[in-house]
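**Student:** If you read the sequences in order, they're chains A and B.
Residue 530, in the UniProt record's numbering, is where the first sequence stops; the numbers in between run on with no holes.
Residue 530, in the UniProt record's numbering, is where the second sequence stops; the numbers in between run on with no holes.
Calculated directly from the structure, the hints in this document are not laboratory data.
Bear in mind that the values here come from a model prediction, so they are computed numbers and not experimental data.
Just so you know, even glycine gets a beta-carbon here, dropped at the ideal spot from N, CA and C.
Honestly, I wouldn't trust all of these hints.
[To be verified] Not everything, but these chain A residues come out facing chain B in the computed CB check (under 10 Å): (1) R85; (2) S86; (3) P104; (4) H151; (5) E168; (6) N224; (7) G242; (8) V250; (9) I253; (10) T267; (11) A411; (12) G444.
[Unchecked claim] These stretches of chain B come out as covered by chain A in the derived footprint (C-beta under 8 Å, 3 or more residues): (13) 110-123; (14) 251-264; (15) 403-414; (16) 431-438.
Protein chains: 2
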Amino acid sequence: MSATSSAQPVLIYDTTLRDGSQGEGVSFSLQDKLNIAIRLAEIGIEFIEGGYPLSNEKDVAFFEQIRKHDLGKSKVCAFGMTRRRSMKAEDDPGMKALVAAKTPCCTLVGKTWDFHVTEVLRATLDENLAMIGESAEFLAGHSELIYDAEHFFDGYNANPEYAIKTLEAAAASGAKWLALCDTNGGTLPERVAEVTRIAKEAMASYDVGIGIHCHNDCELAVANSLAAVDVGATQVQGTINGIGERCGNVDLIAVIANLALKKENTTVLGGRPLQQLTELSRFVYETANLQWRNNQPFVGQSAFAHKGGMHVHAINKAASTYEHIDPTLVGNERRILVSELSGRSNIEAIAGKYNVGDDKELQNKILAEVVRLENQGYQFESATASFDLLIRRVSGKFRPHFETIKYRVVAGDRDVKSQVAFAEAIIKLQVGDTLWFDAAEGHGPVNALDAGLRKALAGAYPVLSEISLIDYKVRVVDSGSGTAASIRVNIESTDGKETWGTIGVSDNIIEASWQALVDSVEYKLHRSEA
Amino acid sequence: MSATSSAQPVLIYDTTLRDGSQGEGVSFSLQDKLNIAIRLAEIGIEFIEGGYPLSNEKDVAFFEQIRKHDLGKSKVCAFGMTRRRSMKAEDDPGMKALVAAKTPCCTLVGKTWDFHVTEVLRATLDENLAMIGESAEFLAGHSELIYDAEHFFDGYNANPEYAIKTLEAAAASGAKWLALCDTNGGTLPERVAEVTRIAKEAMASYDVGIGIHCHNDCELAVANSLAAVDVGATQVQGTINGIGERCGNVDLIAVIANLALKKENTTVLGGRPLQQLTELSRFVYETANLQWRNNQPFVGQSAFAHKGGMHVHAINKAASTYEHIDPTLVGNERRILVSELSGRSNIEAIAGKYNVGDDKELQNKILAEVVRLENQGYQFESATASFDLLIRRVSGKFRPHFETIKYRVVAGDRDVKSQVAFAEAIIKLQVGDTLWFDAAEGHGPVNALDAGLRKALAGAYPVLSEISLIDYKVRVVDSGSGTAASIRVNIESTDGKETWGTIGVSDNIIEASWQALVDSVEYKLHRSEA
Numbered sequence: 001m002s003a004t005s006s007a008q009p010v011l012i013y014d015t016t017l018r019d020g021s022q023g024e025g026v027s028f029s030l031q032d033k034l035n036i037a038i039r040l041a042e043i044g045i046e047f048i049e050g051g052y053p054l055s056n057e058k059d060v061a062f063f064e065q066i067r068k069h070d071l072g073k074s075k076v077c078a079f080g081m082t083r084r085r086s087m088k089a090e091d092d093p094g095m096k097a098l099v100a101a102k103t104p105c106c107t108l109v110g111k112t113w114d115f116h117v118t119e120v121l122r123a124t125l126d127e128n129l130a131m132i133g134e135s136a137e138f139l140a141g142h143s144e145l146i147y148d149a150e151h152f153f154d155g156y157n158a159n160p161e162y163a164i165k166t167l168e169a170a171a172a173s174g175a176k177w178l179a180l181c182d183t184n185g186g187t188l189p190e191r192v193a194e195v196t197r198i199a200k201e202a203m204a205s206y207d208v209g210i211g212i213h214c215h216n217d218c219e220l221a222v223a224n225s226l227a228a229v230d231v232g233a234t235q236v237q238g239t240i241n242g243i244g245e246r247c248g249n250v251d252l253i254a255v256i257a258n259l260a261l262k263k264e265n266t267t268v269l270g271g272r273p274l275q276q277l278t279e280l281s282r283f284v285y286e287t288a289n290l291q292w293r294n295n296q297p298f299v300g301q302s303a304f305a306h307k308g309g310m311h312v313h314a315i316n317k318a319a320s321t322y323e324h325i326d327p328t329l330v331g332n333e334r335r336i337l338v339s340e341l342s343g344r345s346n347i348e349a350i351a352g353k354y355n356v357g358d359d360k361e362l363q364n365k366i367l368a369e370v371v372r373l374e375n376q377g378y379q380f381e382s383a384t385a386s387f388d389l390l391i392r393r394v395s396g397k398f399r400p401h402f403e404t405i406k407y408r409v410v411a412g413d414r415d416v417k418s419q420v421a422f423a424e425a426i427i428k429l430q431v432g433d434t435l436w437f438d439a440a441e442g443h444g445p446v447n448a449l450d451a452g453l454r455k456a457l458a459g460a461y462p463v464l465s466e467i468s469l470i471d472y473k474v475r476v477v478d479s480g481s482g483t484a485a486s487i488r489v490n491i492e493s494t495d496g497k498e499t500w501g502t503i504g505v506s507d508n509i510i511e512a513s514w515q516a517l518v519d520s521v522e523y524k525l526h527r528s529e530a
Numbered sequence: 001m002s003a004t005s006s007a008q009p010v011l012i013y014d015t016t017l018r019d020g021s022q023g024e025g026v027s028f029s030l031q032d033k034l035n036i037a038i039r040l041a042e043i044g045i046e047f048i049e050g051g052y053p054l055s056n057e058k059d060v061a062f063f064e065q066i067r068k069h070d071l072g073k074s075k076v077c078a079f080g081m082t083r084r085r086s087m088k089a090e091d092d093p094g095m096k097a098l099v100a101a102k103t104p105c106c107t108l109v110g111k112t113w114d115f116h117v118t119e120v121l122r123a124t125l126d127e128n129l130a131m132i133g134e135s136a137e138f139l140a141g142h143s144e145l146i147y148d149a150e151h152f153f154d155g156y157n158a159n160p161e162y163a164i165k166t167l168e169a170a171a172a173s174g175a176k177w178l179a180l181c182d183t184n185g186g187t188l189p190e191r192v193a194e195v196t197r198i199a200k201e202a203m204a205s206y207d208v209g210i211g212i213h214c215h216n217d218c219e220l221a222v223a224n225s226l227a228a229v230d231v232g233a234t235q236v237q238g239t240i241n242g243i244g245e246r247c248g249n250v251d252l253i254a255v256i257a258n259l260a261l262k263k264e265n266t267t268v269l270g271g272r273p274l275q276q277l278t279e280l281s282r283f284v285y286e287t288a289n290l291q292w293r294n295n296q297p298f299v300g301q302s303a304f305a306h307k308g309g310m311h312v313h314a315i316n317k318a319a320s321t322y323e324h325i326d327p328t329l330v331g332n333e334r335r336i337l338v339s340e341l342s343g344r345s346n347i348e349a350i351a352g353k354y355n356v357g358d359d360k361e362l363q364n365k366i367l368a369e370v371v372r373l374e375n376q377g378y379q380f381e382s383a384t385a386s387f388d389l390l391i392r393r394v395s396g397k398f399r400p401h402f403e404t405i406k407y408r409v410v411a412g413d414r415d416v417k418s419q420v421a422f423a424e425a426i427i428k429l430q431v432g433d434t435l436w437f438d439a440a441e442g443h444g445p446v447n448a449l450d451a452g453l454r455k456a457l458a459g460a461y462p463v464l465s466e467i468s469l470i471d472y473k474v475r476v477v478d479s480g481s482g483t484a485a486s487i488r489v490n491i492e493s494t495d496g497k498e499t500w501g502t503i504g505v506s507d508n509i510i511e512a513s514w515q516a517l518v519d520s521v522e523y524k525l526h527r528s529e530a
């Protein structure tokens with residue numbers, strides 16, 4: 001639609017792992033961070049900010065471990081602040097931590113707003129310029145340097161000359177990017193455009209790109225980011241699903257989709273198709289253990305859901321009548337809420353992915369089973385092994401390797417000897433004509449069940465010794481009923497070569513966990529026969 | 001900030017009760033609709049669209065009953081479509097239903113997009129103009145008429161001359177307002193501004209106001225609405241919290257706050273203060289039985305929540321450093337989250353709130369305890385009751401109301417009679433010199449523990465009968481160790497007046513849940529003594 005920006009290359013900078021983790025209720029484990037970084041690289045995000053190595057050991061470990069992964073053209077960035085007031089850059093612990101992270105990029109944040117310099121930093125305006133310049137110079141000697149100008153728009157309002165000087169301090173000292181931050185999220189699009197244009201013109205003599213970093217406090221973060229791109233910003237910083245402090249950062253999902261599909265900018269994500277956006281969004285929600293935002297633009301479950309009879313009638317005549325884009329462009333799907341049935345595009349997608357072929361009857365059976373289970377709270381996005389078993393069951397190719405005769409767990413607060421909480425499981429299974437009975441202890445009831453299940457099957461299926469569990473997640477599906485709510489358990493397992501996810505749902509967490517554990521074992525046994 | 005619109009009066013048109021009810025999972029009872037309409041009038045919303053009287057009896061009853069209430073200057077609107085193709089306006093059931101609603105305003109929706117006229121309505125372009133004109137003329141004889149131009153922006157793109165003709169048909173027949181609808185939500189702000197300006201100029205010879213009606217499919221509905229106001233729209237249509245079909249309508253909360261506080265338009269809501277906005281937002285969520293959107297701009301629970309230690313440090317020096325507006329302007333409040341990213345600044349801020357005072361030694365002890373517990377996986381940002389108990393413990397003001405002698409749960413897969421998974425808890429507690437022993441069943445082990453705990457304490461503390469659990473969340477803190485990972489349980493409880501959050505962490509989910517349950521009960525008992 002807007003011709004001005006269609007040819008201009010725009011790079012995407014993701015800070016889900018750093019600024020996103022400032023969001024209320026967000027807390028990533030090391031493995032979560034690695035998993036997310038790998039997915040971001042797969043989809044073609046150019047910059048992946050991994051964390052703040054000075055702040056905690058988890059981020060230090062992240063930078064160490066992410067180096068072992070091939071992220072293609074994506075560059076990992078370590079984040080830090082300008083050096084302390086009375087310290088050389090090379091002696092500053094934050095600078096040292098950035099260098100030690102050994103990332104291809106560093107992101108340095110510094111103060112723009114004179115008020116912050118004098119009142120928060122307690123530095124003079126000149127001292128702050130020196131802190132920016134010397135920190136930038138030091139870091140630019142080690143990696144590609146992105147300078148984040150904190151509070152740029154508020155700072156520019158307060159003291160425009162000084163705000164531009166802070167950018168110059170960074171640009172003159174080797175920064176390759178100057179990202180203008182609307183840190184408080186209070187700026188309107190027309191002002192973002194105006195000030196970004198001024199900053200870009202002021203920096204025209206330096207070899208730097210301009211970036212934009214918006215927060216959503218006025219529900220304008222997407223509009224603000226697009227406005228900055230319209231006037232020449234070539235890097236957009238944000239987070240997947242807009243997670244982040246207060247009202248969040250800008251949602252990169254909406255930024256990417258708007259740039260590529262609405263602004264028709266063919267450079268976004270290197271020109272790749274966007275079919276992975278919906279899956280990426282849901283993967284990040286699941287990893288962060290956050291509720292999906294159903295009405296999220298482009299990727300929400302309701303984003304292409306039609307309820308009004310008039311709309312459904314029209315949609316049946318021509319999809320474009322009530323849809324601004326084809327939902328499959330972003331990997332989403334149309335839903336007609338009257339029938340609660342997913343569209344045929346879903347079945348075809350499934351058919352393609354799992355080699356179901358053109359058997360329409362089988363496709364319909366699979367779809368019906370997915371709908372039935374989703375209504376109970378199942379979600380197969382990250383439970384691909386359970387989904388594989390579902391297809392085997394529906395198509396008659398599932399052969400159970402054992403039958404559960406009974407399981408039981410006992411958990412309480414006092415082990416007689418250790419005086420700490422305990423958990424024990426007893427398991428009885430049938431394999432062919434043989435009954436296997438065993439018991440195990442664990443750190444909790446699910447750990448005990450897991451140990452007991454594999455112990456009981458060890459004699460019949462020695463191959464199970466290769467399995468270990470690497471993640472276990474619990475979600476209340478239908479909150480509002482307190483501890484009687486329905487509970488979804490996701491388990492991730494590995495045999496050292498492959499990892500797979502399984503799921504269980506029940507109002508009893510023990511039963512839900514047992515389902516997911518059984519699926520994990522059955523999947524491994526089916527795979528090892530293939 | 002933007003001087004262009006500050007003197008221009010802008011009226012707010014709420015369609016929560018009609019377009020909002022198209023949202024997935026939204027369903028209002030008659031009483032819900034009356035309650036919401038009354039609240040909208042109290043806050044000064046000028047137009048309140050109540051429903052579509054042709055479509056159902058509930059809306060007919062709404063219009064009958066709302067007439068009995070004094071809504072001040074607010075006008076109730078009944079919504080309907082243009083007359084049927086081959087029928088006089090006065091004979092059309094939809095027209096009759098609108099007149100029968102006896103509202104001060106009617107809102108008539110008609111087709112702008114030529115494609116919709118010929119392919120969905122199966123009418124000629126001229127027939128559609130006659131349907132608009134004759135329907136408008138008929139209704140304008142009964143009430144103030146608002147004409148909603150469906151798909152105006154898409155229709156204008158397809159056939160600009162025809163789109164303008166549809167507006168003329170309504171304006172020439174007595175419509176007082178022409179609301180331009182971005183029905184599919186796919187238009188960008190610059191295009192909304194451009195086309196709205198053209199429409200306004202084309203209608204300059206009529207005595208009509210221009211309205212704007214946006215949907216959020218590109219996460220741009222607020223920006224689009226503001227862009228239309230900037231070029232002369234004087235009515236904004238939307239819903240409270242942006243509820244509505246697909247990605248929702250524009251959120252009027254953000255529109256109102258941006259117009260009044262950012263655009264400094266003193267006419268919004270008749271110039272009233274906005275302190276009721278947060279309460280209105282939550283009232284609508286509760287009435288619609290929808291989850292609050294915590295990161296909602298202006299009114300969300302997290303909208304002014306600060307987690308990063310650096311931010312909190314600055315906030316303590318001057319609130320404006322990380323807040324774009326004073327949260328009390330919209331009836332919201334600042335929250336300081338205790339988190340792994342927090343430092344002394346957060347503790348000082350919280351100490352202020354909990355009357356810890358200036359006792360540095362006590363503050364240090366609290367900080368040390370928070371750090372110790374955070375390293376174990378505790379997070380106090382939503383567990384404010386557990387944090388309150390922590391402060392009581394550290395400052396020597398905690399008095400335990402009971403001692404756990406033992407608890408134990410048994411869970412398994414076969415209840416002898418029902419043949420489904422079962423869970424039972426036994427509990428032994430000491431209160432003073434008395435031992436209380438009890439047992440309970442539940443849907444799962446935690447539900448059983450919860451029931452058993454309160455059953456065992458009912459004799460000693462009858463006040464506990466007021467408590468119920470309203471949410472239960474489980475999170476694996478340190479994933480990567482499978483089922484032996486550390487588990488964090490968050491519980492939210494209520495006594496009908498107050499709600500409070502508690503937390504427990506353990507590698508055993510049963511033990512973690514027990515901690516959170518005990519904290520919930522202890523908090524209630526401490527509060528009921530205060």
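**Student:** Determine for every hint whether it applies to the structure shown.
**Tutor:** Each hint tested on the structure:
1. R85: violated (14 Å)
2. S86: The hint is violated - A/S86 has no Cβ within 10 Å of chain B, the shortest such distance being about 18 Å.
3. P104: violated (25 Å)
4. H151: Status holds, d = 8 Å.
5. E168: The hint is violated - A/E168 has no Cβ within 10 Å of chain B, the shortest such distance being about 24 Å.
6. N224: This hint holds: A/N224 lies near chain B, its Cβ roughly 8 Å from the closest one there, short of 10 Å.
7. G242: Status holds, d = 8 Å.
8. V250: holds (9 Å)
9. I253: Holds: closest Cβ of chain B sits about 9 Å from A/I253, inside 10 Å.
10. T267: This hint is violated: A/T267 lies away from chain B, its Cβ roughly 18 Å from the closest one there, beyond 10 Å.
11. A411: Holds: closest Cβ of chain B sits about 4 Å from A/A411, inside 10 Å.
12. G444: holds (4 Å)
13. 110-123: holds (count 4)
14. 251-264: holds (count 6)
15. 403-414: This one holds; 10 residues, not fewer than the three required, reach chain A with a Cβ under 8 Å.
16. 431-438: violated (count 0)
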